[in-house]
Amino acid sequence: MWGHMQTYLKSTAAGTALLASLLFPGFSEAQENFPENPSEATELHNGVSVFSNEFFEAFSPVTALDMVARVPGFSISDGDTGRRGLGDSFGNVLINGARPSNKSLSLGTVLQRIPISDVDHIELISEALPDYNMRGHARLVNVILVAGAGNSGSWDARMSVSASGRVGPQANISWARVVGPVDLTFGLYATSSGDRVRRRSTLFDDADILTEIQHDNDQQAYREVAPSFSLNWQIDDRSSLQFDVEGTLWRWAQQQVTFIDAPAGTGVTPLRYEQNATNNHGNFYFASATYSHAFSNTLSSQTMGHLRRDTSDNGPAAYETYDPASGFVGAIIVDDGSNSEETALRQTLSWTPNDRNTVEIGGEIAVNARDTRLALFDDDGTTVTPIPLPVANTRVEETRSEIFINHTWTISDALSLESGLRYEFSEIVQTGDAEQSRSFAYPKPSVTLNWRQSDRNRWRFTAQRDVDQLDFGKFASSVDIADNNSTLGNPDYVPQRTWTLEAEWERRLGDDSSFSLKVGQDWIEDLDGWIPVTTPGGVFDAPGNIGDGTVLRVSGNLTTPLDTIGLSNAVLDVNAAWRDTNVEDPLTGEDRPFSGYNEWELGLDYRQTFPAQQIAWGWDYHWYSDSEVFRAQEYRVQGTTDGDLDLYVETTRWGGVTTRLGVNEVIGNGDDRQRVFFDGSRASGVVTGTEYRNENYGATWYLQVRGTF
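Number 734 marks the last residue of the sequence shown (this note's numbering); no jumps.
In case anyone wonders, no lab produced these hints; they're calculated from the structure.
Just to be clear, a hint being listed does not mean it is correct.
Quick list of the computed label-pair ranges, beta carbon to beta carbon [claimed, not checked]:
no.: 1; residue 1: Tyr448; residue 2: Asp667; range: 30 to 38 Å
no.: 2; residue 1: Ala172; residue 2: Thr368; range: 48 to 56 Å
no.: 3; residue 1: Gly406; residue 2: Phe734; range: 37 to 45 Å
no.: 4; residue 1: Gly406; residue 2: Gln699; range: 28 to 36 Å
no.: 5; residue 1: Thr328; residue 2: Ala278; range: 39 to 47 Å
From the three backbone atoms N, C-alpha and C, an ideal C-beta is built for every residue, glycine too.
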């Protein structure tokens, strides 16, 4: 097996090297002139790995983002920014020891703005230390800038061609300027795309006889523009202010035509023709500010504020049906939209009494709201009649507060302990088509033990309780005309709660390679799922709590150079995960997996660099198992057939910029889905029909140029 893998990797590298030699003359003459092993530029001490700039030279980085992406065993996480409030939105990247963003800007955006000339070195923190607040992350990266950094800029331009032949430009530019004690950064991002989706569906009746064949041609178009601004002001030796603001305007359009035929002998007979055109648009903006002040060398405070507003208007969109002989039959018209808002304030006080302990206490309050509207109409060609739908227009508002205390204790040079307790209070008020008010209060304890067994081996043990936040979108009804599905809003569901035990082992195989293995068990109360709701109009699905469930999960990560198999300056990242989920089905009473979960997934990321020729190539491959969805009257199986393979080749030899030619989704078999329909309920076991569908976006080619100034 390993011999076959060696042969495969070598032959793949040889094939791509031949392609690169055709694209970049002179490539083949100098393949043997490799620099010294870049791992010699790393240093390890007391839970912190230090990577000097020489370590990254073989990867031809342009920005700090390129450098961080090549840190062994590390992947960027912005935290859970989808949650309301600020308590879960802390990322795992620091700039000069401080978090550069507080939910407003992604870490990728922040790092993309920093050219490599501004980076002195990068630190990888692998265990809890009093100087750093891990915020629940297993590892942190700390980007240390050179003195006087800040007067620079970066840009990124990309042109892609979709399978439909449409050209999609994308541009991102930022410029930073230091004015005395103030760092100013201006950014602008713009993109446009035009994907075309091809779908083919077949429908079988209860006797497994083919009754319909459906072909879709779905042309989509998306545009977005997003300006941003950041300010970092070092007020004095003890005080600083950080301010971020960004706004986004977006528009999404779709034109879909569908032909539905019936099999007739060796051919087909047209049954009907459907079409719809949709124009959606919206905007959102956010602003955040962080004020930090050190009262002394051991006592400091931080005040954070966040504001976000989001508007979306969708439609009206008419889903029209035509008869091949008589013409227009009718249409369903959908008009919906939403307005969301978030305002949050967080206050933290940190005390470091000695070099082994840090205590953090504080509180947070957040006010969130969402207004949702949905109007449904039936157009028979003569009159347009409203279609009533429960909980179609509603407002949900939550006032949530939290108090917390966290303690980081360095027990010894090899042991550290992170412990914390968060207590959450919330009141949710719903008005409109459904009216009620509910209050919740939940404690959320956590404890993590870090053990450095040796310079190469680390262990991390975690026990914690988490409480999900209620999704405001599930309080309102929604429709999916294409799939003929309606989902009712449920004002009565409660947040699921999870107890977790987790262990992780990290092994540093070398200064430039690592392996980690994580095993976890989750016990979930009031699992989110689908529940059946019977109304005068029929049986509908609604989000709700379906009982208690468990998750056993195992995941691993490997980052390794491939010199041992003859591939110099080549690095392979492997990520794999397996999950075993179990819950008792509320309809059938039988044990089954969770809805929408992939049992396993695999990710491979390969990159090989030829520094003397200033050329690199690589590929990444992601593959997921099928997932199952259990609704009241329907069972689904959906997934990618052969995974997703992306390829690229790039060079830094022209004009001091990085030029990349690539293709995404090389394997073009698309995504498959199977829907099984039941009579009345899945519990009946009586199948009324089965639908099979394949959806394919096709390959996308792109040319990308990146640089700094």
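Checklist entry - Which numbered conditions among the earlier hints are violated in the structure presented, ordered from lowest to highest? => result 1, 2 and 3
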